[in-house]
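Line by line, the protein sequences give chains Z and E. For the first sequence, our numbering gives the first residue as 1, with consecutive numbering after it. For the second sequence, our numbering gives the first residue as 264, with consecutive numbering after it.
Don't take every hint at face value.
[Unchecked claim] Here's a subset of chain E near chain Z, in silico, CB distances under 7 angstroms, partners left out:
| hint | residue |
| --- | --- |
| 1 | Phe277 |
| 2 | Gly278 |
| 3 | Val310 |
| 4 | Leu316 |
| 5 | Ile317 |
| 6 | Phe356 |
| 7 | Phe367 |
| 8 | Val375 |
| 9 | Pro376 |
| 10 | Ala508 |
| 11 | Pro511 |
| 12 | Phe512 |
It is worth saying that the hints were derived from the structure and are not from the lab. C-beta: ideal position from N, C-alpha, C; glycine also.
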Amino acid sequence: MGSHFAELSVFLDRIGRLFIGFLASIGSLTLFSIKAIWAGITPPYYWKQILQQAVQIGYFSLPVVGMTALFTGMAMTLQCYAGFSEFTAENAIPSVVMIAMTRELGPVLAALMVAGRLGASMTAEIGTMKVTEQIDALTTLSVNSYKYLVFPRILTGTFLVPFLVLIDDIIGILGGYLVGVYYLNFNAANYIRNTLESMVTWDIVSGLIKGAVFGFVICLMGCYQGYFSKGGAEGVGRATTNSVVTSSIMILLLDGILTFALF
Amino acid sequence: MEYVIEVENLSKSFGSKEVLQGISMKIGRGESYVVIGGSGSGKSVLVKCILGLIEPTSGVIKINGQDVAKLSQKELFKTRLKCGVLYQGGALFDSLNVIENVSFGLIYGLQVPQKEAYKIALEKLEAVDLDETVAKLYPSELSGGMSKRVALARAIATDPDIIFFDEPTTGLDPITSGIINDLIVRCTKEMGISAVSITHDINSLKHISDRVGLLFKGKIIWEGTNKELLATDNPYVVQFINGNAEGPFTTQG
Numbered sequence: 001m002g003s004h005f006a007e008l009s010v011f012l013d014r015i016g017r018l019f020i021g022f023l024a025s026i027g028s029l030t031l032f033s034i035k036a037i038w039a040g041i042t043p044p045y046y047w048k049q050i051l052q053q054a055v056q057i058g059y060f061s062l063p064v065v066g067m068t069a070l071f072t073g074m075a076m077t078l079q080c081y082a083g084f085s086e087f088t089a090e091n092a093i094p095s096v097v098m099i100a101m102t103r104e105l106g107p108v109l110a111a112l113m114v115a116g117r118l119g120a121s122m123t124a125e126i127g128t129m130k131v132t133e134q135i136d137a138l139t140t141l142s143v144n145s146y147k148y149l150v151f152p153r154i155l156t157g158t159f160l161v162p163f164l165v166l167i168d169d170i171i172g173i174l175g176g177y178l179v180g181v182y183y184l185n186f187n188a189a190n191y192i193r194n195t196l197e198s199m200v201t202w203d204i205v206s207g208l209i210k211g212a213v214f215g216f217v218i219c220l221m222g223c224y225q226g227y228f229s230k231g232g233a234e235g236v237g238r239a240t241t242n243s244v245v246t247s248s249i250m251i252l253l254l255d256g257i258l259t260f261a262l263f
Numbered sequence: 264m265e266y267v268i269e270v271e272n273l274s275k276s277f278g279s280k281e282v283l284q285g286i287s288m289k290i291g292r293g294e295s296y297v298v299i300g301g302s303g304s305g306k307s308v309l310v311k312c313i314l315g316l317i318e319p320t321s322g323v324i325k326i327n328g329q330d331v332a333k334l335s336q337k338e339l340f341k342t343r344l345k346c347g348v349l350y351q352g353g354a355l356f357d358s359l360n361v362i363e364n365v366s367f368g369l370i371y372g373l374q375v376p377q378k379e380a381y382k383i384a385l386e387k388l389e390a391v392d393l394d395e396t397v398a399k400l401y402p403s404e405l406s407g408g409m410s411k412r413v414a415l416a417r418a419i420a421t422d423p424d425i426i427f428f429d430e431p432t433t434g435l436d437p438i439t440s441g442i443i444n445d446l447i448v449r450c451t452k453e454m455g456i457s458a459v460s461i462t463h464d465i466n467s468l469k470h471i472s473d474r475v476g477l478l479f480k481g482k483i484i485w486e487g488t489n490k491e492l493l494a495t496d497n498p499y500v501v502q503f504i505n506g507n508a509e510g511p512f513t514t515q516g
C-alpha cells in the first residue's frame, strides 16, 4: 500500500514540476514580449532595422510562400474534382478552393513556411549573437537589445505575414484556376464567376487576422529562443530546433482556437 | 586619489553557488588594474557585475562616484557610454562592416550623425594602427589580431573613462599579443583612460598592469602593484606566476 502512495507521490510530483515549468515559460515569454514592445514604442526608433526586417520577411519570403500556395491550390482542385465529380458537384470546386485557401490553407501554409524560413534564421542569428557576447556588446554600447533586435522582428512579422497570406490566397486560387481550366477543361468564365460569387470579405479578413497572430508568434518564439540560448554552437542548434517546433505547434494550436473564435 | 570604480562588499550567487564573496576594490583615474585568477574564480562575473550585465546579490558598485544600482535606465545608459569593453572574442557585429562597428556606439548610443560618426571612427581606427582600407571589410574577413584592434577602436570610439579588457591577448600569437599590449598601455598612459583587465597571460600582465588583484574562490586574496607582484612570496601568487602544478591553488581548489 505504502509503495503505491510513494509511486503516486512521485507521479504527482512530476506532473507538478512539468506544470510549474510550463507556467514559468509562459510567464517568461510574456515578460519578454512586454519588454520588447515597451522598448520598441519608446523613442529613439530604429527605422533601418525595421526596414531590413520588412525586406527579409515581406520580400525574400515571397518565392517560397508563393510556390507552396500555387501547388497546394493545384493539388486541391484535382483532389476536389476526384470526389465532387461522383456527385456531379464540380461547380462547387471554385468555391471550395476559394474558402479553403482564404480561411485555412493560406494563413497556415504561409505561417508554417515563414516559421521554417525566418523563425529558424532569427533564432540562429540572435542565438549566435548571444553566445559570442554581441548582445552584451550592444548593452555596453548603450543600445537596448530588445529595441534593436527583437522589436523590429516582432513588428514586421505581425504586419507582413498577413500580407504574405494575401499573396498566398491569390496564388493558391490562381493555381486552382490553372488546373481547373487548362487540365480539367472547366469554362474559364464560369470558374471565375463561381470563385467571385463565393468570395466573402470576412473569409479573407479572418485569414489575415490569423496571419497577424501567427506572424507575432513566429517572430516572438524565434527571438525568445535565440535570446535565451546558451552553450555554444550546440545550444544555438537546439534553440533553433525548439523555435521551429514550438512555432509550428503554436500555429496549428492557435489555428484551431482562432477558427472557433472567428467562425 | 580620485576613483573611477569603487566596489564595496560585492557578492553574487547563482542558486546555492557563491561565485563572488564580499569583494571590495578601488580603481583610480588613469590606473590599469588587472584581475588574475584561475578558470572559474569569478573574474568574468566580477566584470559583468561592474558593467551591470549581471545583477549582484549584494554590495555597492560606484562608477565615477555614482551608485549604479540607484541610477535610472537612462542614466545607466549614459554611464555605460563612459565604459568601453573589449570582449574576449571581439564581439564585433557580424552583420556590420568595420566602420559601422566602430561608429555603432556613436550613432546609436550618442546619436551622433552618421557622417561625423564615420569621421571619428576613422580617427579611432588610426589610433589602433589601422587605416581606411579595412573600413568596408566584414568581421569574418579579419584576422584575430585585426579583429581585436577593431574591437579596441570600437571600445574607445565614445571616448570612455574606463575600458574593460576581457582576456585581450588570448588566442593571439606572441607578436600580435605584444602589439595589443602596447595599444592597451597607449590607451591608459596617453589617453588617460582607466583600465580593468582580466588575463591569464603573465607577459601581458607584466606589461599592462599598474596594480593587480588575485581572485580565488570568489575573493581577492592578494592585491599589490606590478613590482610587488614579482617580489612577493605569497604562495598563491608564486604558483600562479610560475604556472606550477603544485601549490595552494591545486591543494585547495
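### Task
Could you tell me which of the numbered hints above are not met by this structure, giving the numbers in increasing order?
Numbers 1, 2, 3, 5, 8, 9, 10, 11, 12 - these are the hints that the structure violates, sorted from lowest upward.
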